[in-house]
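Residue numbers (the numbering used here), protein chains in the order written: chain A, 1 to 334; chain B, 1 to 410.
Hint data in this document are derived by calculation from the structure and do not stem from the laboratory. It is possible that some hints are incorrect.
What the hints assert, rightly or not - Coverage of chain A stretches by chain B, computed from C-beta distances (three or more under 8 angstroms per stretch; other residues unrestricted):
no.	stretch
1	67-79
2	132-140
Said to hold, decoys possible - Reference excerpt, derived from the structure (chain A facing chain B, CB under 10 angstroms, subset only):
no.	residue
3	Pro144
4	Gln157
5	Thr174
6	Tyr187
7	Ala191
8	Phe234
Each residue gets a CB set at the ideal place from its N, CA and C atoms; glycine is no exception.
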Amino acid sequence: MARRGTLAAYGGLAILFALLPLVLDPRGYEMRVLCLVLLFAALGQAWNLVGGLANQISLGHAAYFGIGAYASTILQQVAGLSPWIGTLAGMALAALLALLLSVPTFRLKGHYFALATLAAGEAMRVIANSWSDLTGGPVGISVPFNPGSSVWMMQFQTVRPNYYIFLVTLILVTALFWRIKTGAMGYRLRAIKENEQAAEVIGVDTYRVKLVASLLSAAITAFLGTLYAQFQFFFDPDTIFGLAAFSVKMALVAILGGVGTVAGPLIGAAFIIPMEELANSYFGNSAAGLSQFAYGIVLVAVILVNPYGIVALFARLRGGRRRDRASRGGEARP
Amino acid sequence: MSRMFWTRAGAVTRRGALAAGTVALAALATPLSAQESVNVGVILPLSGPNAQFGINSRNGIELVANEINENGGIEALGGARINLVVADATSNPTQAATVAQRMLSQDEVVAVLGAFASSLTLAISEVTERRQVPLLTMSFSDQITDRGFEWVYQIVPVGSELGRATFDYAVALAEANGESLDRVAIMYEDTAYGTSQAEGLRAAAQEAGVDLVMDEAYPLGITDVSPLINQLRRSDAQVVFPVSYLNDSLLIVRSMRQQGIEIPTIGGAAGYIIPDFREGLGDLTENVLSISPAAYDQAPDLTDRFREEYGYFMVHEAQEHAALMGVLVSALEAAGSTEAAAVKEQLDTMTFDEGWAAVMTGGEVEFDDQGRNPNAVPLMVQWRGGELVTVWPEEYATGEAVWKTTSAGE
């Protein structure tokens with residue numbers, strides 16, 4: 001029963017978001033901010049697969065994001081290939097990178113894992129900056145301009161189609177996360193989170209489980225990178241592989257909302273992105289530096305009040321009911 | 001729940017924008033109705049590593065807008081005042097594009113000026129092009145006007161031209177002083193800016209068949225430059241091209257002086273042509289050369305107004321932004337309308353030689369089919385007693401170049 005109620009709530013939310021663009025200016029500012037909310041919610045959810053379930057805190061996910069953005073854009077520039085095809089190359093490359101990185105990093109735990117992934121993201125930034133022939137170098141790269149609308153080339157006159165692509169992606173990624181979390185793989189990942197050695201002893205192939213989750217997470221992040229490129233139309237290595245702009249932000253979205261939970265990244269993104277916008281529009285002119293300062297203060301305050309994220313606050317308010325439901329949901333899929 | 005939050009956020013933003021608009025209107029001398037002012041969007045990095053450049057640029061734009069408003073506004077629009085809508089682009093292109101979107105949909109700006117850093121300008125141009133609003137910029141990157149965009153106007157020489165000019169002018173200056181260049185050194189910070197400038201220099205040097213005896217990148221925020229300077233000494237270069245922002249430029253020039261290296265030093269704009277460079281080094285700046293996309297000594301009658309107002313010389317980004325504002329005002333006067341298409345037509349066809357537009361090289365600004373200003377010529381400037389003097393090309397020079405870097409005190 002309770003589980004059906006949660007599903008209904010998510011369904012209602014999805015319908016609400018599907019209808020929202022009908023009342024907003026399709027070329028307006030609100031639409032753009034909503035698109036960013038959906039993008040970061042999906043990024044947080046993809047990050048959550050590894051970072052949340054297995055507690056492998058990655059601070060280098062921008063590496064996959066950037067690969068997705070560069071792969072589709074370069075293929076479009078050079079060969080006129082549709083980003084829908086180009087993104088497949090990006091996803092494959094990102095998965096390959098995740099595979100390569102798994103060799104040295106999966107032995108690492110906690111801070112050491114975080115530091116290693118951080119270095120991977122930085123390495124990609126340096127490569128993109130110096131390999132000018134391929135990436136266009138530090139100046140950045142533009143998606144070829146196409147004034148008309150074309151679903152095939154993923155370019156539209158308004159951001160409304162982009163919005164729906166983001167929304168559908170977010171729904172799919174959330175559903176995937178839910179399925180993994182409540183399935184056998186979710187149990188294995190959580191076993192790794194609790195105690196990796198104990199998980200190994202009871203027969204969990206920890207390397208394989210972590211690898212599958214990482215590959216999925218990397219490929220989804222790369223796909224989102226393509227969506228971002230087709231939405232923003234211009235990016236440079238320092239941004240797309242940037243620590244603050246993406247790597248940390250997607251982790252922050254999940255952590256602030258509630259790490260390892262389905263609703264966490266959704267709530268985190270719906271909080272952080274408008275928050276940042278508000279700070280910028282209030283202080284952007286009069287006291288420019290203050291906007292980031294105010295934004296930082298709010299983040300610190302939220303984490304201090306709710307060390308387990310905003311989701312935990314609701315759980316606390318509802319008492320035991322939620323914990324009860326979560327465990328029952330898990331048992332439904334042995 | 002998230003929707004509720006969002007709706008509230010939107011309402012607050014709009015209210016904030018309204019309040020800001022009201023304050024701006026109230027600040028004007030005479031009461032005006034809303035339609036009697038023209039909103040001009042200004043997007044600049046007002047926080048983060050480029051904040052100082054962003055603030056300088058804003059000062060330049062504000063100076064011109066205030067002058068116009070004090071002298072009766074824009075005549076052809078019934079004396080409409082210019083209302084600057086200023087926003088912080090931070091240093092993140094995603095944010096810059098979002099800010100642009102906000103301006104276009106909430107403030108109905110007639111044009112956008114900005115955004116100093118090329119990456120920010122490129123991101124903004126993707127928004128303005130799709131909304132068909134003119135974007136006037138002084139960012140260097142070739143890419144800005146290389147994409148076939150119709151709504152972007154670049155008032156400065158493009159990056160590749162600057163890079164080539166830096167090298168060619170150095171060769172010319174050396175020749176004028178009876179030296180032929182065959183060994184040069186490049187050192188640059190490994191940022192987007194440093195790397196791309198160094199690339200231009202490298203290409204020009206290779207084309208000219210000049211030996212690069214040193215070609216070194218160093219990390220941003222370097223604290224000990226002595227290995228670099230030692231290498232420079234050993235390289236026996238005739239000229240050094242350091243490309244850097246402020247802090248490293250101070251370290252590099254100071255170390256060179258301490259080690260008694262007196263070869264000509266040619267900076268790559270940025271940190272080398274701002275008042276802080278002089279403040280940080282004092283007399284050690286004497287005779288340091290740098291490329292510059294504009295120079296205040298080309299139009300002292302105009303640029304002195306900036307000095308009076310803000311207390312320092314008119315740095316190039318302020319000068320170029322002032323020129324952009326001047327161009328936009330002339331275009332609005334000629335168009336007699338705030339319709340984007342009408343303003344665009346003037347930008348495409350007019351030659352701007354009045355008011356602040358005349359502050360650029362040659363005293364004229366026009367835009368070719370690509371949106372570039374063919375009259376913009378890179379200048380070589382040299383520090384002399386706390387001021388920048390244009391020393392090359394000859395037709396623009398206001399002083400003779402000194403082909404050696406010695407401190408005034410020595």
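So, going through the hints one by one against the coordinates:
Beta-carbon proximity to chain B at under 8 angstroms applies to 0 residues in the stretch 67-79 of chain A; the threshold of 3 is not reached and the given coverage is violated. Counting residues of the stretch 132-140 of chain A whose C-beta lies closer than 8 angstroms to any C-beta of chain B gives 6; at least three are required, and the coverage claim holds. Taken as an interface hint, proline 144/A checks out: its beta carbon lies about 8 angstroms from the nearest beta carbon of chain B, inside 10 angstroms. Annotation: interface hint on glutamine 157/A holds; nearest CB of chain B at approximately 7 angstroms, less than 10 angstroms.
Hint status for threonine 174/A: violated, given a least beta-carbon distance of 13 angstroms to chain B, over 10 angstroms. Among the interface hints, the one on tyrosine 187/A is violated; its C-beta lies about 29 angstroms from the nearest C-beta in chain B, farther than the 10 angstroms criterion. Given hint, alanine 191/A at the interface with chain B, is violated; its Cβ is 32 angstroms from that chain's nearest Cβ, farther than 10 angstroms. Given the 10 angstroms rule on beta carbons, the hint for phenylalanine 234/A holds: about 5 angstroms separates it from the nearest Cβ of chain B.
Comparing the model with each numbered hint stated earlier shows that hints 1, 5, 6, 7 do not hold.
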